[in-house]
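There are 4 protein chains.
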Amino acid sequence: MSTDKPALRVGMVGYAFMGAMHSHAWRTAPRFFDLPLHPELAVLAGRDGRAVKAAAGKMGWADTEVDWRALVDRDDVDLIDICTPGDTHAEIAIAALEAGKHVLCEKPLANSVEEAERMAAAAQAAAAKGVFAMCGFSYRRTPALALARRLVGQGRIGTIRHIRAQYLQDWLSDETAPMTWRLDRSRSGSGALGDIGAHSIDAAQYVSGLRVTGVSGLLTTFVNERPLGGTLVGLGGQGASDGGTGTVTVDDAAVFSARFDSGAIGVFEATRFALGRKNSMRLEVNGSLGSLAFDFENMNSLEFYDGTQPAETSGFSTINVTEPVHPYTGNWWPAGHGLGYEHGFTHQVVDLVQAIADGVAPSPSFDEALGVQKVLHAIERSAANDSGWQHV
Amino acid sequence: MSTDKPALRVGMVGYAFMGAMHSHAWRTAPRFFDLPLHPELAVLAGRDGRAVKAAAGKMGWADTEVDWRALVDRDDVDLIDICTPGDTHAEIAIAALEAGKHVLCEKPLANSVEEAERMAAAAQAAAAKGVFAMCGFSYRRTPALALARRLVGQGRIGTIRHIRAQYLQDWLSDETAPMTWRLDRSRSGSGALGDIGAHSIDAAQYVSGLRVTGVSGLLTTFVNERPLGGTLVGLGGQGASDGGTGTVTVDDAAVFSARFDSGAIGVFEATRFALGRKNSMRLEVNGSLGSLAFDFENMNSLEFYDGTQPAETSGFSTINVTEPVHPYTGNWWPAGHGLGYEHGFTHQVVDLVQAIADGVAPSPSFDEALGVQKVLHAIERSAANDSGWQHV
Amino acid sequence: MSTDKPALRVGMVGYAFMGAMHSHAWRTAPRFFDLPLHPELAVLAGRDGRAVKAAAGKMGWADTEVDWRALVDRDDVDLIDICTPGDTHAEIAIAALEAGKHVLCEKPLANSVEEAERMAAAAQAAAAKGVFAMCGFSYRRTPALALARRLVGQGRIGTIRHIRAQYLQDWLSDETAPMTWRLDRSRSGSGALGDIGAHSIDAAQYVSGLRVTGVSGLLTTFVNERPLGGTLVGLGGQGASDGGTGTVTVDDAAVFSARFDSGAIGVFEATRFALGRKNSMRLEVNGSLGSLAFDFENMNSLEFYDGTQPAETSGFSTINVTEPVHPYTGNWWPAGHGLGYEHGFTHQVVDLVQAIADGVAPSPSFDEALGVQKVLHAIERSAANDSGWQHV
Amino acid sequence: MSTDKPALRVGMVGYAFMGAMHSHAWRTAPRFFDLPLHPELAVLAGRDGRAVKAAAGKMGWADTEVDWRALVDRDDVDLIDICTPGDTHAEIAIAALEAGKHVLCEKPLANSVEEAERMAAAAQAAAAKGVFAMCGFSYRRTPALALARRLVGQGRIGTIRHIRAQYLQDWLSDETAPMTWRLDRSRSGSGALGDIGAHSIDAAQYVSGLRVTGVSGLLTTFVNERPLGGTLVGLGGQGASDGGTGTVTVDDAAVFSARFDSGAIGVFEATRFALGRKNSMRLEVNGSLGSLAFDFENMNSLEFYDGTQPAETSGFSTINVTEPVHPYTGNWWPAGHGLGYEHGFTHQVVDLVQAIADGVAPSPSFDEALGVQKVLHAIERSAANDSGWQHV
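Residue numbers (full-length UniProt numbering), protein chains in the order written: chain P, 1 to 392; chain G, 1 to 392; chain U, 1 to 392; chain F, 1 to 392.
A few of these clues could be false.
Stated by the list, open to error - Ranges between beta-carbon positions, derived for each pair: (1) Arg185(P) <-> Asp34(F): 34 to 40 Å; (2) Arg50(G) <-> Gly49(U): 43 to 49 Å; (3) Arg211(F) <-> Ala51(U): 47 to 53 Å; (4) Asn331(G) <-> Arg150(F): 39 to 45 Å; (5) Thr245(P) <-> Glu175(G): 52 to 58 Å; (6) Asp63(U) <-> Pro6(G): 22 to 28 Å; (7) Asn385(U) <-> Arg150(F): 37 to 43 Å; (8) Lys129(U) <-> Val66(G): 46 to 52 Å.
Simulated from the structure, these hints should not be mistaken for laboratory data. In this text, a Cβ means the ideal position worked out from N, Cα and C, and glycines have one as well.
For reference, chain P alone in the conformation it holds in the complex (with noise of 0.2 Å):
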């Protein structure tokens, strides 16, 4: 891309799923969006040389590493993007900012409280130096929940009571599907819990604008041991065992309840269990004035009721967000012409490079992470003591 503006050299660690996502998005924005910055896929850095100089020929990335601290040590790369299982994202992180170098970080931000506290801290030093990181919440900028979010802000939902948060898949439903890094406590930290239900948490304190307070929590595994060697197809799903079973050591799904600091009450589910439901990551926030619905699978509407509206017409509006006047959506295609599951990852990039060259912070920050993984720490503290009332 022939272009006058000054690079954002990107070094990207990891290139499974999250990886080509990520690819994706840093090579598709710059071209239907105007940044200030032009983003240079770089350098893709992963351990296995052979493997990555292949990934990062079908991905676009100029150069390889092996090593990602030899990454993070080039002096001709400006931001690391961090799409790595959760145990190693602290350690990257923090040698990446005190690099110099800007951070994108998948969710969640850390295996535990602690990492996440020692990254938000190396996050707030390097920001005193112009050195931004951001924690990869991709919902976020899902034009509709964009869009929940500036209807809230509008206040066209008054004060909010409910909000309900579920978040459904069903790749483990099958008892044969077989062990995976995400079923495996030391790599990924928890099951479902951190995986989809860090989602919804964010989901629902980005919405809704309130914090999670506290909690009660109850989480359970309902196949406790699962064949290994399989091949993982998408998130998972099934494949050919060559022997024996791994133990699977996280939740197979959670639910809990919470309190926000508004007096607004939640219940949350999370689960890969949901026989049927493939991605529904769903969202209902009821209040005073208004009440917002939404479903992953219909990830281009959001329902909302317009409690102003007289009785006789008033219902709950499927509102087609793909309208110049909605988020994001200008930039693509005419009206009605839906995106899809990526264009969340590319409206992040746009995000984070338009707050790089402006010298802000951007969103969501270490910190909102963090507070993310407080609330996942307080959920697990509860279910272990018979789900009892824990504090954020």
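Given the coordinates of chain P, assemble chains G, U and F onto it according to the supplied hints.
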């Protein structure tokens, strides 16, 4: 109606919303179903003699009483149908059963576990003499929910992992909606929890065939004072106040998580503050082989996901539950011609009359309703104890 | 029902599906609506004396006749309700009107324009003497469609450009479904066109307030021979054949385009071969200010798009048409507690009784129904002439 | 992108909405699919040198031309992608094919049958030399519609009886929306009929495998004069006028009925005046064994009714068409993570590149597109002749 069938002479106490509904059911059931006994709308009881006479004329009752005790004492009444607020259920039901009358009692069975236990004991004693009691959890007789239970019974859902139930109404969202007996703990026993949450608990147990063994609950009241003197519209709607306010002494909303005897987990929510949701009684069940989803706002449909179908064509099927093969519907209209809210009550009468004629105990029995009452009580205990787990 | 209101003594001819429905309506209307006259289910007429007596007992009629002429001659009958196949409508209705009886006649009004014209003339003559006639296009009294008309009348839709109407059933999809009178042109007049297409035409004109001025039509018959002797289920379903086949002499499906007097255009489809659609009577109206969409399979909902709302929040609103402000619904249950197919018939009786008491002509009049008949006839002419345009 | 695959050097004419879309497809296809040839975005052609250079930089094209003839003459281009208005298609496509370049031409193929016939002849001549042409009916590559065709091919639908297709947009509902080239017959050939109705015809034939043999049509123009000088938004939206009006010389809406070669019948509607419908491209197919329904506003879903299931559980299933077994989707994200409008164009490029590499003619061929053109022409003839039947 000319008939040579033996009569079942019904006496009813109460003639508000539920009384009008039950009257319709008693009048209509023999027109569409071949009942072994012929229900006669014999006597309507209410404290205001003039009003009860007017109601009897409107609703089709042959005679009236101003004292329910006089009704219970009459020799020409075979069954007492109790449509009064919950604080009167125990006294009337026990007296009626002791007087040898069958009893149909609206839900919730009582305002306390202690009352419910006495009622269940009276029902057991009466059953030994061929006198039967039933509690009016009418949603069980919605064809879609009866079909849901049938599919679970057929093994189509497999091992159940998740139950999520929401009962969402919005008639208290408006802070100026007037005070009613339903918001006075001394009359109603509890708020959203007992009024609508009880339906969700019964429906969850009925459809799944499982029993709740423990809960963690959270109750909240959003609006503590409401204007007095309003004229009720429907369930309590808006009306002009003639001065002063009354204190709301019940929960506006209840959320709770549950474990079932099989290891399944559940998450429940009952509220009158879900703006835009009018009578959204939702139930979703996820199992190892299939899933079910229902929303009373589309009461003629049941969503069914058959996980045994190949992935290429699997999806939630919207079953239009109006075919002759579906529960109850063959006695009504051709397929696709939907039923309404009241049909569940007509079906309830049909099953009750059949059970009495057969000399078998109808369901839900007072024992089953006592079980629901114990769950409600455990939720209240948990809510009063920082959401700590309570065994049922 | 004890009452001091003047009686309206009803005699009904026919007691199949529609007869059961009308009986329910006559019985139920006075229980929920404050009628100026009290309907009495006086006499039921049918050719088979034994069967008509059984039906009368089941449905609540006080007396029976085996000859509709005898019914028409009785002095103790004020209104004749005609629930027979279309080939008998003209003779019965004209005789009844001439005998000074009010008439409620099921749709389609007649099997030919000529019959319909004679009926309309008889109705006009009778009206001059205070005797009234109404045709049973009951869908008009579905609350959601009555609300649709109200919104058009309020100008909420603006200038109407498009009407699209589909009436989709599937009970003939199975080629082995048996022959019925509905497939015999000499009895039914036409097939899908007159049976269900007539409803769509009436609903389109009723909701829009416009009149069809010209049409182009296409009729087709997919299955020409069907087994004889089947037992009908519902509208005609499957049954065991006892040998031989009958020839289908009506259309299985009809499609037609239309122009309305305002310049709006319409596209219609009526079929009994839309596999999976049970009673999907859909109507969509697009205007310059708003749009409406309805599907009888979700009969308690109306979709309304308010084009005057800002683009940011505009979308089709799903109005749950069960509020007290909505047509008819305030007399039934609280908001969100849906109605069923039969309520339209009860509302029809309510409006008819009110009109008779007020001495004003009820709607739809025989003239209006004649208008529908003329549209049906123009479609048949067009279909017989290579779909060439036919003025109505 | 580093690759050792042979290059396919692409030259594109036009860079408005469709040009941006095609550029994205060319850039993205090799990142997610394993293509046998590597597409290079070699040259972009447009009349305004400055604008085309800016567009090339933004969209990723290496070089530019200001004359499409110069582009066609270049030796370093293998394929010409035509994204200009319909009046230029024939000239460019024929020249390109004669110059030995493969051609991808946007739909509708041409503005007249005569042009389309010449193009089809040129394509046949070129094919003999291994040079291929494809018409851009991109909706075929929407996974849900590709799945629909697959199910028809598997016999899951049985004998098709009904096809109903609607393409509903609303961007002209506002009478003050400005004049655009799309409303000028000399540029666009026709209005809603050719622009969006053509998609419906192609999709109907593609999914069903049937061919339209005759039609009856009705065209109408609701707004005859529109303000000049507006700035287009998306497909033509609102803009400020700088004086005067232009005459709309195309249809605003088209409705037509059709017969297919199998005896099935169809009803079609295409309009830009369906207020509230943004891009509602709907297709429903009813057969003897199953039915299918699709709406592009929920493009990741296909509704499938399997009539071979028992009545108890049969219903329309909402297939979330994002599973690895579904067409195209396995190359993207995990199940449930939906795709957007642009993916159909990427898939189109994938299939085109594969066909060229394999030396087989891609589909839809110019012959197929000529077939659509003939249907369009027959509709126009019918509309001009009182909707009389026209054979195709």
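How the hints compare with the structure:
1. Arg185(P) <-> Asp34(F): 34 to 40 Å: Since Arg185(P) and Asp34(F) have Cβ atoms about 36 Å apart, the given range 34 to 40 Å holds.
2. Arg50(G) <-> Gly49(U): 43 to 49 Å: holds (45 Å)
3. Arg211(F) <-> Ala51(U): 47 to 53 Å: holds (52 Å)
4. Asn331(G) <-> Arg150(F): 39 to 45 Å: Holds, at about 41 Å.
5. Thr245(P) <-> Glu175(G): 52 to 58 Å: holds (56 Å)
6. Asp63(U) <-> Pro6(G): 22 to 28 Å: Given a distance of about 25 Å, which is inside 22 to 28 Å, the answer is holds.
7. Asn385(U) <-> Arg150(F): 37 to 43 Å: Hint holds: Cβ distance 40 Å, inside 37 to 43 Å.
8. Lys129(U) <-> Val66(G): 46 to 52 Å: Roughly 48 Å apart at Cβ, these two residues keep to the hinted range, so it holds.
Going down the numbered hints, you'll see the structure goes against none, and every one checks out.
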